[in-house]
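Given next are the chains, with one letter for each unit.
Protein chains: 2
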Amino acid sequence: MSTSSPRFGTAETKAQLEEGTVFAPRFDDRGLIPVVTTEAATGQLLMHAWMNDEALARTIADGTAWYWSRTRNALWHKGDTSGQIQQVVEMRTDCDQDTIWLRVKVAGDGGCCHVGYQSCFYRVIPAGSDGKTLASPDVKKLPPHKHNG
Amino acid sequence: MSTSSPRFGTAETKAQLEEGTVFAPRFDDRGLIPVVTTEAATGQLLMHAWMNDEALARTIADGTAWYWSRTRNALWHKGDTSGQIQQVVEMRTDCDQDTIWLRVKVAGDGGCCHVGYQSCFYRVIPAGSDGKTLASPDVKKLPPHKHNG
Numbered sequence: 000m001s002t003s004s005p006r007f008g009t010a011e012t013k014a015q016l017e018e019g020t021v022f023a024p025r026f027d028d029r030g031l032i033p034v035v036t037t038e039a040a041t042g043q044l045l046m047h048a049w050m051n052d053e054a055l056a057r058t059i060a061d062g063t064a065w066y067w068s069r070t071r072n073a074l075w076h077k078g079d080t081s082g083q084i085q086q087v088v089e090m091r092t093d094c095d096q097d098t099i100w101l102r103v104k105v106a107g108d109g110g111c112c113h114v115g116y117q118s119c120f121y122r123v124i125p126a127g128s129d130g131k132t133l134a135s136p137d138v139k140k141l142p143p144h145k146h147n148g
Numbered sequence: 000m001s002t003s004s005p006r007f008g009t010a011e012t013k014a015q016l017e018e019g020t021v022f023a024p025r026f027d028d029r030g031l032i033p034v035v036t037t038e039a040a041t042g043q044l045l046m047h048a049w050m051n052d053e054a055l056a057r058t059i060a061d062g063t064a065w066y067w068s069r070t071r072n073a074l075w076h077k078g079d080t081s082g083q084i085q086q087v088v089e090m091r092t093d094c095d096q097d098t099i100w101l102r103v104k105v106a107g108d109g110g111c112c113h114v115g116y117q118s119c120f121y122r123v124i125p126a127g128s129d130g131k132t133l134a135s136p137d138v139k140k141l142p143p144h145k146h147n148g
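Those protein sequences? They're chains E and F, same order as listed.
Every letter in the first sequence is one number past the one before it in numbering that gives the first Met the number 0, and letter 105, counting from 1, is 104.
Every letter in the second sequence is one number past the one before it in numbering that gives the first Met the number 0, and letter 60, counting from 1, is 59.
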């Protein structure tokens, strides 16, 4: 269910994977790894996206966020269209190295969501609800511009 | 690539999915949806996990975090073994409703990681590195106890 990439290291044991210092990211059967992106200064969750091995290598190398767009089936340098370039302040991985966490500073208008909100997580699922209704958006919508990237 | 569940609502259009108030979570081809879990008070990223439709329904209903363990192929009431029950302070979904964000208060010793750290994200990927080496853990390791749940 997971694959490694020759671009990165190889963990020989579970202990090495979980407690070592070899970076051995585990991609899923589509060759993708999930990415959690938060705003470095405030900790706000901005978006959840995916990288393939090339997007991950480019992000490490140039210090701005690259993703894999599952919709467009293409590498995606976040901000190229919208100006919302994500400067990486810190990158982390988790215990079993199957997730990436990016803490970023966002250029342009500071947003990230293609719908126009500052964060993609603008709607609450009310606790104890019937599971069919969301609360109305409560995150700032930015003035219109090109939000598709 | 995504499926809905009769437990939740149905979005008829993209606009309804993205800007409406119908909760229509989109599960992947395994029937799972990714979950980002942060500590409500501090905003710290604790873990990245998965839910199936039943875990999501139970989380909404009882206000504590349920996941789907891909390792054990079973529902997983986080904290049942370790005492690290996650009380949900707020649940959100994102623009295209294919991710869940849980903001939680953690019971027990306040940890979440099966390796024993307070957060699963205890290792940094150094910027501009060769992509093969992680920095040593820099997140608090908790005193030993049963961490498998």
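It is worth saying that the hints were derived from the structure and are not from the lab.
Be aware that a few hints might be false.
The list cannot tell twin chains apart, which means a pair is met if one copy fits it or any two copies do.
Unchecked claim - No more than 20 Å apart at the CA atoms, straight line, and that leaves these computed lysine-lysine pairs for PhoX-like:
{"no.": "1", "residue 1": "K13", "residue 2": "K104"}
{"no.": "2", "residue 1": "K13", "residue 2": "K131"}
{"no.": "3", "residue 1": "K104", "residue 2": "K131"}
{"no.": "4", "residue 1": "K13", "residue 2": "K140"}
{"no.": "5", "residue 1": "K140", "residue 2": "K104"}
These are the hints, each one checked on the structure:
Taking identical chains as interchangeable, the C-alpha atoms of K13 and K104 are never at most 20 Å apart, the minima being 33 Å within one chain and 29 Å between chains. In this homomeric assembly, K13 and K131 come within 20 Å of each other (Cα to Cα) only across copies, at 16 Å, whereas the closest approach inside a single copy is 40 Å. For the homomeric pair K104 and K131, neither the shortest alpha-carbon distance inside one copy (34 Å) nor that between copies (24 Å) is at most 20 Å. Proximity of K13 and K140 under a CA criterion of 20 Å is satisfied inter-copy only: 18 Å between copies versus 44 Å inside one chain copy.
For a Cα distance limit of 20 Å, the shortest separation of K140 from K104 inside one copy, 18 Å, qualifies, whereas the shortest one across copies, 28 Å, does not.
Of the numbered hints given earlier, the model fails hints 1, 3; all others are met.
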